Structures are given as structure tokens and as C-alpha cells.
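Going down the list, the sequences are from chains A and B. Those letters in the first sequence? Residues 1 to 95, per the working numbering, in order. Those letters in the second sequence? Residues 96 to 190, per the working numbering, in order.
Rather than coming from a laboratory, the hints here were simulated on the basis of the structure. Watch out, some of these pointers could steer you wrong.
Unchecked claim - Chain A stretches covered by chain B per the calculated footprint, using a threshold of three residues with CB under 8 Å from any CB of chain B:
no.	segment
1	22–33
2	37–51
Stated by the list, open to error - The following label-pair restraints were derived from C-beta to C-beta distances:
no.	chain 1	residue 1	chain 2	residue 2	range
3	A	94	B	123	51 to 59 Å
4	B	179	A	54	51 to 59 Å
5	B	144	A	10	18 to 26 Å
6	A	40	B	125	44 to 52 Å
7	B	103	A	28	39 to 47 Å
Computed from a predicted structure; not experimentally measured. Yeah, the Cβ is synthetic: ideal placement off N, Cα and C, and Gly gets one too.
2 protein chains.
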Amino acid sequence: MSATPSTTIAVEGWETRKLPPQLTCRFTFNSYAQTRQFLDDLADLSESNGNYPNLHFAKDFVTVTIAAPDDGALNEAEAAFARQVNSLANRILQG
Amino acid sequence: MSATPSTTIAVEGWETRKLPPQLTCRFTFNSYAQTRQFLDDLADLSESNGNYPNLHFAKDFVTVTIAAPDDGALNEAEAAFARQVNSLANRILQG
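Modelling step: build the complete structure from the supplied sequences, incorporating the hints.
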């Protein structure tokens with residue numbers, strides 16, 4: 001049985017999902033107040049920017065995951081957004 | 096700012112994740128007993144086959160997600176496994 005390339009794999013009743021690449025980073029904070037501040041700032045950034053990353057967080061950390069847009073590739077827009085997220089976190093951590 | 100292809104996107108401190116394509120299917124059962132039987136049979140199949148799909152289930156359904164192997168492409172091996180999973184489910188549903 002020879003290997004078949006991904007694009008032709010089809011099993012009736014099953015869906016083939018191609019997930020876009022992601023940029024992901026975990027930010028650790030010193031307090032829940034800092035975590036909340038980061039989430040608030042990130043919400044503002046998302047609204048002004050139109051990029052709503054996937055967030056996973058608990059008391060003292062937030063993991064931010066930015067998916068590639070529909071074209072399936074990470075572009076400079078995602079990298080620029082990631083750098084803005086870094087800036088938000090740094091501003092909070094440096095008080 | 097021009098778009099940069101995915102392979103060159105790098106932001107310091109951020110990890111680039113390329114998720115493999117997936118085959119996914121939701122199986123609905125008539126009782127929790129059927130669901131458990133399917134999960135048991137699937138566990139046996141996984142052990143004999145070495146393919147451990149991602150499972151999400153509740154009382155009367157199981158969603159099975161088969162990821163591509165490390166080479167990043169879905170191959171006939173994954174399709175064959177999906178068909179075996181179909182057979183398990185059909186056997187249970189047909190009592």
C-alpha cells in the first residue's frame with residue numbers, strides 16, 4: 001500500500017482538517033492584578049487591530065496563540081502583532 | 096511592509112507551531128453502553144496498531160481525531176485506520 005499525499009486522503013464521513021501554523025508564547029506575571037491588566041490591554045489591542053488571539057490563562061500566566069490567517073501562512077502582520085503583545089507585557093512587568 | 100512566507104517568521108521568545116493535518120469524525124451512539132464499548136474496542140485497536148487518536152467524548156458521542164505523523168502529511172495508513180474505526184462503530188451500531 002503506497003503512501004498517498006495529504007491532499008488526496010479522503011475517508012467517507014471523515015473531515016480532513018488542515019490547521020494553520022501558529023505563533024505562541026507564554027507570559028508569566030507576578031500577580032493576578034498584572035495578569036488582568038495584561039488581558040485588558042490585550043483586549044484593547046485586539047479591538048484596534050482586529051487580531052483576536054487564542055488565550056489560555058490562569059492566575060499568573062497567559063498563553064497567547066496567534067493563528068495564521070485564512071491564507072494558511074504566518075505573515076509579517078502576525079509577527080508585528082506578537083511584538084506588540086510583547087510590548088504590552090514588558091510595560092506591565094516593568095511597572 | 097511586505098508579507099513574509101511562513102517559514103521565515105520568527106519573533107524572539109515566541110514559538111512557531113505547525114500543526115499537522117487531521118482526519119476527524121464524530122460518532123453518535125444510542126447509549127452510554129455503546130459509547131463505552133466503542134471506546135474499549137478503539138483502545139484495543141490503538142494498542143494493536145500503534146495509532147492513538149485524540150478522543151473527545153460524552154455520554155452518547157465520541158469524536159475521533161487522527162493527526163498526521165511527524166512527516167506532516169496524512170497518508171494511507173491514517174485513512175486505513177479511520178476505516179477500521181468506522182468498522183468498529185458500525186459493528187456496535189448494528190448490534
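*If any of the earlier hints don't hold here, list their numbers in rising order.*
2, 4 and 7
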